[in-house]
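Q: Chain by chain, the residues run as shown.
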Amino acid sequence: MSARRWLVVVLLPLILPPRTPTATTQASGLLFVSNELSHDVSVVNIATNTVIATIPVGGRARGIHLSPDGKRLYVAVSDDKPQLEGSADAIVAVDVTSKKVIATYRIGSDPEQFAITPDGARIYASNEDGGTATAIDLQTRKQIATLVVGIEPEGVAVSPDGRWVYVTSETSNSVSIIDAHVNKVVANLLVDLRPRAAAFTPDGSRAFVTAEVGGTVTVIDTKTRDIITTIPIDRGEGKPVGVVVAPDGKRLYVASGRTGTLSVIDAKSYKRLASVPVGRRPWGVAITGDGRYVYTANGLSNDVSVIDTSTNRVVATIKVGGRPWGVAVR
Amino acid sequence: MFHVAPSDEMYRDALAQANAPADAKAAAWDPSLTRFGADTLNERFRSRFGRAMTADAWLGWVAIKILWESSLRARSTDSRMLMQYMIRDGTRFDGHKGRPLSFRVWDHQLRQPLYVVSSGTDGSTRVIAEMPAAGSDEESSREALDRLGTTAARSACRMSP
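Listed in order, the protein sequences are those of chains A and B. What the first sequence shows, in the numbering used here, is residues 1 to 330, in sequence order. What the second sequence shows, in the numbering used here, is residues 1 to 161, in sequence order.
Quick caveat, the hints were computed from the structure, so don't treat them as lab data. Fair warning: this is a prediction, and the values are worked out from it, not measured in the lab. Possibly wrong hints are sitting among the right ones.
Think about it this way: if two alpha-carbon atoms lie no more than 20 angstroms apart in a straight line, the pair counts; the simulated SDA-like pairs of lysine to any residue are [what the hints assert, rightly or not]:
id, chain 1, residue 1, chain 2, residue 2
1, B, LYS65, A, GLY131
2, B, LYS65, A, LEU193
3, B, LYS65, A, GLY289
4, B, LYS65, A, ALA246
5, B, LYS65, A, LEU189
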């Protein structure tokens, strides 16, 4: 839970008249969904699970994250031709209040996944065809480092303390670890086949890396950089892609494209607690700050599944734009 | 010896199981493939060599990738160590085909999906099926891939694992 959210939780009773207990425990906020095909972002009111706005972003929208203060939304946008850097290839910043694109950051061709440092100062993004990762200063809009990682870099995650950046590379089956203090690659680990996304536990002690073709999640001890285990998803037959760790660090949620499921896994014992059928080809996953709801972007059914984490059931399905890719929630 | 190129039986089984039209061919790869990062690989090849990645080109690429990756994972360049790693149960490789590839213990043949391709009059190709078709939920990806080619029972090869 962010400092800002804590502040809201603490201050709300002072500002607002007393509300019913159910109202305060309900998720309240906004969900943002990037749509690859319709080149826009759907904005969903998560109290009602209805789309309240659509923001055009001028290209194929994929990676999507909110700034730590929740005021800005960053979206990776590209044209439909990978390899060549086109005019649409960029990460754009959207002002959450006005719902307008207010800044454009160039990061090379075909941007897909990226992560924001916890201080909100930098973005680290993968450049798939260049085999590199790029760091951008969000204030100056300048590229501050371009680092050689593996072949076809894909997923990017920053540790909660902002020190380490993990970049997964699909073809070389590797995770490159960048020290954000000096912007150097300090280690490369081999993980399972076709690593797609990474997520840290809130205490930063573990990192989870999904392997789409391996059908597993690789668990990394971030201190020793050893691989602790690999967790099979749907008996190893799943195609795990998006991954998110609950704010309390107790569970991880993994979207599996081929099987159309969300796997709920105990983050300590690595046992599967549930496999929840969601929409078709889920990719991105996000969880509310209170850990109550998980959202999956279902690319082939053009919707978002809302999963209640207390029952591990889909409680709502929201129609969004064309081929939803990622989700971000505040 | 390891066989990365599909056997004649694998091609034949793919065509038969797909009920393919008479002019269709089975291939290990096609430049029009897009899923599971095939588009990225095809584009990378094209931009580097100025031509489409044919099935032969893919076979050469995947053979080198398997050797390179086996060497990294086995932490060795010794051929016996590499062979042990390649044939070990649980060893799998990614060839941008979506399903994990592995070697059959009995004949050292690489398990892999094949594509049934029809050719247009202008020389262009079109993938009309990926074989073997996805099986039941109970069938593993490896079991499904063994529906192409010679089974252990039918194989004349006798290899020590």
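Q: The structure should be examined with respect to each hint, and the outcome stated for every one.
A: Do the hints match the structure? See the list:
1. B:LYS65 x A:GLY131: 16 angstroms, holds
2. B:LYS65 x A:LEU193: 12 angstroms, holds
3. B:LYS65 x A:GLY289: Roughly 42 angstroms separates the two Cα atoms, so the pair is violated.
4. B:LYS65 x A:ALA246: Given pair LYS65 (chain B), ALA246 (chain A) is violated - Cα atoms ~36 angstroms apart, limit 20 angstroms.
5. B:LYS65 x A:LEU189: Roughly 17 angstroms separates the two Cα atoms, so the pair holds.
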